[in-house]
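Dock chain B against chain A, hints included.
Residue numbers (this note's numbering), protein chains in the order written: chain A, 1 to 175; chain B, 176 to 731.
Keep in mind that the hints are not guaranteed to be accurate.
[To be verified] Chain B regions said to be covered by chain A (calculated; three or more residues, Cβ under 8 angstroms): (1) 349-361; (2) 375-387; (3) 391-397; (4) 408-420; (5) 532-539.
These are computed hints drawn from the structure, not numbers from a lab.
Just so it is clear, CB atoms sit at the ideal spot from N, CA and C, and this is done for glycine as well.
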Amino acid sequence: MSDATLQSDLAQQERARRTNEVTVLAVLAVVTMLFAAFTASYLIRRTGTDWGHIQLPSLVWVTTVVLALSSGTLELARKGRRGGWLGMTLALGLTFVVLQVLAWQSLAADGVFAASHPHSAFYYMLTGVHAVHVIGGIGALLVATKRPTFVGLCALYWHFVGLVWVWVLLVLKFL
Amino acid sequence: MGFVRKYIFSTDHKVIGIQYIVTAIIMAFAGGGLAGLIRLQLSNPDGAIVSPETYLSLVTMHGTIMVFFVVSLGLVSGLGNFLIPLHVGARDMAYPLLNMLSYWTVVPACILMLLSFLAEGGAAAAGWTMYPPLSAVADSVPGSGMGTTLWLLSMALFIVSFTMGSLNFVATILNMRAPGLSMMRLPIVLWTYFISSILGLLSFPALTAAAIMLLFDRHLGTSFFLPAGMVFADHVLPNQGGTPLLFQHLFWFLGHPEVYVLVLPAIGVAFDVVATFTRRPPLGYRTTVYSLLLIAFLSMIVWAHHMFVTGMDPRVGKYFSVATVLITAPFGVLGVNLLLSLWKARMRFTVPMMFALGLISAIGAGGLGGLYLGTQTSDVYFHETYFVVGHFHLMIGTVTLLGTFAALYYWFPKMFGRHMSTALGKIHFWVTYPGMVAIFIMMHYQGLGGMLRRSYDPSVYDYNTPNLVLRLPITVIAFVVLAAQLVFVWNFFKSSIWGEKAPANPWDSASIEWQAASPPPHGNWGEAIPAVHRWPYDYRLPGASEEYLPQTTERA
Chain A
1 MSDATLQSDL AQQERARRTN EVTVLAVLAV VTMLFAAFTA SYLIRRTGTD WGHIQLPSLV
61 WVTTVVLALS SGTLELARKG RRGGWLGMTL ALGLTFVVLQ VLAWQSLAAD GVFAASHPHS
121 AFYYMLTGVH AVHVIGGIGA LLVATKRPTF VGLCALYWHF VGLVWVWVLL VLKFL
Chain B
176 MGFVRKYIFS TDHKVIGIQY IVTAIIMAFA GGGLAGLIRL QLSNPDGAIV SPETYLSLVT
236 MHGTIMVFFV VSLGLVSGLG NFLIPLHVGA RDMAYPLLNM LSYWTVVPAC ILMLLSFLAE
296 GGAAAAGWTM YPPLSAVADS VPGSGMGTTL WLLSMALFIV SFTMGSLNFV ATILNMRAPG
356 LSMMRLPIVL WTYFISSILG LLSFPALTAA AIMLLFDRHL GTSFFLPAGM VFADHVLPNQ
416 GGTPLLFQHL FWFLGHPEVY VLVLPAIGVA FDVVATFTRR PPLGYRTTVY SLLLIAFLSM
476 IVWAHHMFVT GMDPRVGKYF SVATVLITAP FGVLGVNLLL SLWKARMRFT VPMMFALGLI
536 SAIGAGGLGG LYLGTQTSDV YFHETYFVVG HFHLMIGTVT LLGTFAALYY WFPKMFGRHM
596 STALGKIHFW VTYPGMVAIF IMMHYQGLGG MLRRSYDPSV YDYNTPNLVL RLPITVIAFV
656 VLAAQLVFVW NFFKSSIWGE KAPANPWDSA SIEWQAASPP PHGNWGEAIP AVHRWPYDYR
716 LPGASEEYLP QTTERA
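Next up, chain B with everything else stripped away, as it sits in the complex:
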């Protein structure tokens, strides 16, 4: 096999997985750099670093890149690709060619998204939610011209790619499992990938529909989302009868499940990492799986809690409040199962374990904030404030990134046959975890004080003066945390070449992927597909001769 076939246009799920992860790291430089610029603008005591229009572009692009091109690509597509065939004992994905196609569809999506910074008027500026009328009328803000067109094209490619990827994940998990591997013998992390793929498949079409209608409004002059009497640039628009709220409903029909698409795999990673390093099964396997299914179902019928301030009928709002708060029940089960899995455990404090523990605490902190936002009455106060910014950064920022890091440190020896540096990993953890939690908890406080979340210069309001105390500490910590990510990137690339050699099963894990060679060869398993005889958590079985029994060990 030539270099190009092996490393560039590869159909091997492991190579594609690593390609996704590296792409996500590259996009993270853009997303993180934008976060830095945003913080610089917000903590600048006098005047502007960027113009207000540019600031809107920064916020929009930071959100879009982080949600779709960093966390989705790295945690879901990247690690999913690497892990799923290994975890089900298959030689590759169900459709290797489709898999390659989905990666090479997302590459132009990334390029188009980054190119939109060069567009006339700058990048898209209507928020990562792309609400009309700002996004539908080209001359509403400078970024709504070419910048938004490029944003829409990029997202169209992303959706196509993500749909192809999810189809592959679902088909592989349902039909490519090794003999003896029933669904109830899958590790929890694989359940989370399975459920999040289904969620993605069922929810992205709503955004596709919204984007098509938005393109019609932008380029064919229709009025799906534009009401009568809108005035832009001194002229009245001819549109009439449309409703911008329709777009919000469609967007959040995707947007809310998308949160779970990202968060559930991170939680799954925590379950599996915790099992390996506490040397015992996670508490409540079945209740966890059923809770995950229930969470997935509920996540599809609560979207309008993102829209309490749109003036919806209070009875509708009441329904969305109650349904949202209902999610606490299955989510509480997950939390309790994770916590009790740690109860009186003899833990091995490895780097992936530290990130998993940090993740569990971040779910708790983020989840509590969610209660205030899911409740209609309190959300009306909090919605336009930094409380929301702090909350969602704890959940889809901190939880997902800590989960990605836990997974990368944990499965790195399988990817490259080498260890990452533990010392650098600990530095990375002890800056990233406390730093991120501090930043976003402080934002909660600013939100309680009423600081507006989309404001370009928070110092213009007198009432906001007490909140300004926190803006410099947040910015300073943000830059320290950003710098710590460079340590991670260095550790990742350096260790992949020069890292200490790792054995095939360095963590003494029972689950099946560690039975392959490190790194696994093309086809993963050599001569024969392994037969599976047990679930992935047989640690310290009473009467067993070994401390742990791999999934391939026959039953006595």
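Next up, chain A with everything else stripped away, as it sits in the complex:
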């Protein structure tokens, strides 16, 4: 391969990387607007006369730790130790989703359903929509196992979804 084609190949790779980065940032903007709309709705709905908090299932604290750990393992994968850590991140992501489902089941077992209470409606909806975003991230990680250049982009999205989870939890707990 001549120097010129090598150069243009590198330039193309660099362009593709920047394009992907712009796209992921735009996706994060979309997700931000979605959860901003939910937060605004929460702030309005909580002024209703029937408002009050349900007891959040204690499992959510476990899932928070699991998600934080997964961000850490993904960072390790991004820092060049791809093999095992990427698989570990995937496992932790799946664990998170399974534990979220168990948390729903524990609420339902106590007789708290979406329709029981405005706060429980938000709990089921926000955690559900968030879980969908985590599942999307798991899909992206699966792609990244085949394409190493995607790991950085996945990390951007994954950490962001982790932050969204913290935000959801803060809203549900304190607002």
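Using the frame of chain A, we list chain B on its own:
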């Protein structure tokens, strides 16, 4: 490449663009047919052509189909797909596969939307705005059962598709530009696609959130939007504490920017068509770009002017009034720039130019009506009347459709390597433009007379008698205009096969897309991506040897 890969599951932006446009034409038959039925019902002197419930379905589906499945698909997704890679000098979109996926996501959305007519109880009937409680309670009106479920599913797919499309547009314009093509060398039409894609990305999530909560209310029994004490079909609903106004806020947080998502590309088309046919740059390129950015920003903070009659705090209403009227400033800049671009110009009166001129006049007429509606005090009177119907049909009906037609007549030679028939095009213009303006100006008058906009039979009120004079002329003209669209459809499909052969740059335009072959091959540019050396409006430069210099001409 097999036929299926080339024309059906294609990843080529040009094929996908044309697929979108053809899909929009098919959906326009549904949307236009519904408009015809609505007019028949409204001008029928005695009794009913359809039942009141069906009438509500007709209005709902006409609005939904026209806004999301005709103008969004044709003007934004269709032409955007075709134009953006050519205009930035790229071989295709940033993500060709995603592009194909977004088209094939919108096809089932179209099918579900049309299927809802077959649902038990008929199609959705809560208005294209889908306000609860009508939309949230299945037995409120017949269409709120299966019809509304299908509507919501279809819109969910549409939003997914439109979001994927907008991501592609933004990534392509930001990162796929040919060497030398800075943002400030983009044609104005590309700026409008860029800005409207960003607007779409930032505003659709609010509707997504609203739709998710609506689905919870409908199917899981929650009370996001349903207050206490609602009685339907002789039983009291168990819901309590919700607020239907929350849905309206979320809906219009999307709904208002969506108007600009549709209108801005039409205005962009006008700028570029006018430049080519006046043989000089549009006046004030930079002020136009900055005004577009300002309009986009303001459009996201004025949504509640659609809700003045909901009994909001007058101080809140005052804010939304002032912010709305502020948009007149940048919009005025656009209008002045467009008008002065025509000042003392030697115009070439081609068919696309005629549509562009019609569009400019419609922006003026529609914009003036907007002042009355953006002002809280007058809106309270006008809001439930035909004044609003006339106004928004001038803006997101007439302006966007004239813009779509201008663009299709203008870029048709690039799409198919052939010309559309000029004679048929002129017939199309001289019926469509005066016809649409006449219809919607007459509706303004009916609104001034207080004619209610959602009324199924306007003759039941005595005070309305003077307004009824206009209903037959409106209906007659509407049917003539609808018939003229058949001329367009015939011209479009006939010319794509048998039209007169067009050279690569039939309009002598300076902008880069005309440097590709007509129609451009897969990959658009042959061996090498073109290098860009100037902006797209170098006409009649003093001292230049040619009458116009394409963007690829090197600087001396």
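Comparing the hints with the structure gives:
Under a criterion of three residues with beta carbons nearer than 8 angstroms to beta carbons of chain A, the stated coverage of the region 349-361 of chain B is upheld, 3 such residues being counted. Only when three residues or more bring their CB closer than 8 angstroms to a CB of chain A does the claim for the region 375-387 of chain B stand; here the count is 10, and the claim holds. Figure legend: the region 391-397 of chain B, annotated as covered by chain A; annotation consistent (4 residues with Cβ-Cβ distances under 8 angstroms, at least 3 required). Three residues within the 8 angstroms Cβ limit are the bar, and the region 408-420 of chain B against chain A gives 4, so the coverage statement holds.
Coverage of the region 532-539 of chain B by chain A is violated. Counting CB-CB distances below 8 angstroms, 0 residues qualify, and the rule asks for three or more.
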